[in-house]
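**Student:** Each protein sequence line maps, in turn, to chains P and L.
Heads up: the first sequence at position 13 corresponds to 13 in my numbering, and the numbers run straight through without jumps.
Heads up: the second sequence at position 143 corresponds to 143 in my numbering, and the numbers run straight through without jumps.
Hints are computed from structural coordinates only; laboratory data are not their basis.
Note that beta-carbon positions come from the ideal geometry of N, C-alpha and C, so glycine has one too.
Among the clues, some could well be false.
Here are some chain L residues pointing at chain P (derived, C-beta under 7 Å) [said to hold, decoys possible]: (1) L57; (2) D61; (3) P62; (4) M128; (5) S129; (6) T143; (7) A149; (8) D190; (9) S199; (10) L200; (11) P260.
Which stretches of chain L does chain P cover? Using the computed rule of at least three CB atoms under 8 Å from a CB of chain P, they are [claimed, not checked]: (12) 120-127; (13) 161-175; (14) 191-197.
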Amino acid sequence: MNDRIDRARALEVVERAIAPFVGETLARASTRAHCERMGLTGTSVSPAALETVLEQVAKGMRVFVGSRQTAEVMDRIRADVARLGGDP
Amino acid sequence: MSRVGPLALVALAVFLLPPLAGVTWIDPTVVLPVGSAAKLCFQLVAAVGAWRCAQALDSGDPPRRAWTLLASGITGLLLGQLVLARWQILDATMAPFPSAADAAFLPGTLLLGLGLADFARAYAASGMSVGSGRRAGITAILTGIGSLAAIALLLVDVLGSADSTAERVVAAAYPVLDVALLVPAVVLIDQTRHLRGGSLWSAWALLLAGAVAMATGDIAFAWFSVLDTRALEAVLDFAFASAYVLFAWGIAVHRANLAPAPLSR
Numbered sequence: 001m002n003d004r005i006d007r008a009r010a011l012e013v014v015e016r017a018i019a020p021f022v023g024e025t026l027a028r029a030s031t032r033a034h035c036e037r038m039g040l041t042g043t044s045v046s047p048a049a050l051e052t053v054l055e056q057v058a059k060g061m062r063v064f065v066g067s068r069q070t071a072e073v074m075d076r077i078r079a080d081v082a083r084l085g086g087d088p
Numbered sequence: 001m002s003r004v005g006p007l008a009l010v011a012l013a014v015f016l017l018p019p020l021a022g023v024t025w026i027d028p029t030v031v032l033p034v035g036s037a038a039k040l041c042f043q044l045v046a047a048v049g050a051w052r053c054a055q056a057l058d059s060g061d062p063p064r065r066a067w068t069l070l071a072s073g074i075t076g077l078l079l080g081q082l083v084l085a086r087w088q089i090l091d092a093t094m095a096p097f098p099s100a101a102d103a104a105f106l107p108g109t110l111l112l113g114l115g116l117a118d119f120a121r122a123y124a125a126s127g128m129s130v131g132s133g134r135r136a137g138i139t140a141i142l143t144g145i146g147s148l149a150a151i152a153l154l155l156v157d158v159l160g161s162a163d164s165t166a167e168r169v170v171a172a173a174y175p176v177l178d179v180a181l182l183v184p185a186v187v188l189i190d191q192t193r194h195l196r197g198g199s200l201w202s203a204w205a206l207l208l209a210g211a212v213a214m215a216t217g218d219i220a221f222a223w224f225s226v227l228d229t230r231a232l233e234a235v236l237d238f239a240f241a242s243a244y245v246l247f248a249w250g251i252a253v254h255r256a257n258l259a260p261a262p263l264s265r
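Bound-form chain L, shown alone (with noise of 0.2 Å):
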């Protein structure tokens, strides 16, 4: 187990269970900041290990540009999260929406996407039993299109809404890059799980379960905003935290894969 992965574990448990317990009493200008805090924490790990992870192959490696996308796009999770702070950690409040926030989390998400698609692609064309382009694609489709169908009418009603332009058009696209970011998870999800027994497989579930809960996550938050039930809203942001909890934790794993073990003696 990584350095990451006790704190990791203790981490996982204390921002998932008061939303596994249905708990919704918890004051939200305790949760906001705690949270925000913890975010930023688990996601500054997980870019620092991602542009490592980067750092650590040759030019010409076929995971490199991979690795640059996914350390770009948490790196603009991680901005976004430093302009939220503004509100829930100096004022304890929710932060405006939209605001100069998503200019950072929605290239960030679709950054996040791209580079588990770029490894799924890579994966695809590397030799290895993992399955083949075309089964990629169909499986990539597929998830494309349930996925589409679960938030079809969270868009309609999003975009039907009588908020501002500009309110409806950030509100929809968070759900549509959701989207973008579960189809290459479930694909690699499908890819990885024949690397059981390896380590790679510990890092990949940890990542993926870290992609997969923040993109269902998004996408409950949205819901949970056109019901307006706001208490659910602070503690579901709460356990937001958990997924960049898994990518950091995700990322450590990998990295020590990428770098060659000291010759035994």
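Extracted from the complex, chain P is given alone in its bound form (with noise of 0.2 Å):
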């Protein structure tokens, strides 16, 4: 397992996830809002860094869609990263 994630690539897995329910503007604009307040402007993150990311994606999510729903899209997101060499 890797320590570093492509912050590129991961955030274009999470993207992908929630833009059929809140368009690919928001999702990108959303993601990239939550990765710069916490500072993470590097070409990888640590798999904790992009869990951090994630939770707040999610908690965003929650509103819109509701808990189960979101929970199912993270489920989607996790599994996606894992397949890229990481483990949020």
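With the hints in hand, could you dock these two chains into one complex?
**Tutor:** Now the structure itself:
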């Protein structure tokens, strides 16, 4: 298992998963805003930092689609990120 | 498209074409019962859908209270329409005003507005990039001032009329509550435009179009009443059904978003 995850690819996974609900523009803007707030600007992120980003995204998604749908989406994201070589 | 979609499209065309074409010659004894029955059907679909949306959420989910308020509001409108059905469907005549229906319509409209306001508040605090709480507040104030200016003359006319006190108070309450519905609807329009391209945008576009149609239609209805144009009233009342079609359709699309999709293997 890698210690670091490619930031761009990880964010792409997150954006692809939430875009069907909130649209590509908001998916991209919100995910990038969470990263910037956490100071995650490098080319890679640690699994712990990515998990924090996911928690923030999940918090927002819960307001739009509720806990059950959000849990389903987050599971999909984690599975896809794990395939990238990380394990948030 | 949800199962409600195709039916809603046909219904929208049926309910909107006569008023858009300026038709005023349709026999009110036909328009009233048909419009009333259609409203009841779509209000029922919308109310059941909204209650199911609330049930699809966990107790700690921020939008659960908003869905409960929205569902309660639509249920109130359904109950009011049921009371009106006694005149509109059974006798094919305009209902008296005020009537027992207003005791359901007025709180129903208020609950609907509160539900939309609760959604707007939750969205502003979501951390997603849909606009800040400050922006939502400014939008609400500007819309409130604009809408109140639009109904000011109407209120003066209604409150200064020779009607009974009860009639004047109820007649004035409707446009005021319509403003309370319009304000959060406009805030939500500003917030949910950021969702464009997502399925939630379609859901909100339909639902908010219904809210705006209901509020503006209600205000227009009040103006027609003041101007004493009874023929237009019947046709506009018919067009009101379109608001409930949009509610039912938008809520059906929302429900699909709240339910996790079956896992594809």
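**Student:** Residue count check for the region 161-175 of chain L against chain P: does it reach three with CB-CB under 8 Å?
**Tutor:** Violated - the region 161-175 of chain L has 0 residues with a Cβ nearer than 8 Å to chain P, which falls short of three.
**Student:** Taking 7 Å as the limit, does the beta-carbon of L200(L) come near enough to a beta-carbon in chain P?
**Tutor:** With Cβ-Cβ at 5 Å, under 7 Å, it holds.
**Student:** For the restraint on P62(L), tell me whether the closest CB of chain P is nearer than 7 Å.
**Tutor:** Because about 5 Å separates P62(L) from the closest Cβ in chain P, which is inside the 7 Å limit, the hint holds.
**Student:** Taking 8 Å as the C-beta cutoff, is the stated coverage of the region 191-197 of chain L by chain P satisfied by three or more residues?
**Tutor:** holds (count 4)
**Student:** Given A149(L) as an interface hint, is the shortest Cβ-Cβ distance to chain P below 7 Å?
**Tutor:** 33 Å, violated
**Student:** Next item in the hint list is S129(L). Is there a CB on chain P closer than 7 Å to its CB?
**Tutor:** 4 Å, holds
**Student:** Close enough to count: is the Cβ of T143(L) nearer than 7 Å to one in chain P?
**Tutor:** Hint violated; T143(L) Cβ to chain P Cβ min 22 Å, cut 7 Å.
**Student:** Count the residues of the region 120-127 of chain L whose CB lies closer than 8 Å to any CB of chain P, then report whether that count reaches three.
**Tutor:** holds (count 5)
**Student:** Under the criterion of a CB-CB separation shorter than 7 Å, is D61(L) in contact with chain P as hinted?
**Tutor:** Status holds, d = 5 Å.
**Student:** Please verify that hint: M128(L), Cβ, nearest Cβ of chain P, below 7 Å or not.
**Tutor:** Holds, about 4 Å.
**Student:** Interface hint check: S199(L), Cβ to nearest Cβ on chain P, cutoff 7 Å. Holds or violated?
**Tutor:** Cβ of S199(L) sits 6 Å from chain P, so the hint holds.
**Student:** A closest beta-carbon separation below 7 Å is what the hint needs, so does D190(L) meet it against chain P?
**Tutor:** 13 Å, violated
The earlier numbered hints that this structure contradicts are 6, 7, 8, 13.
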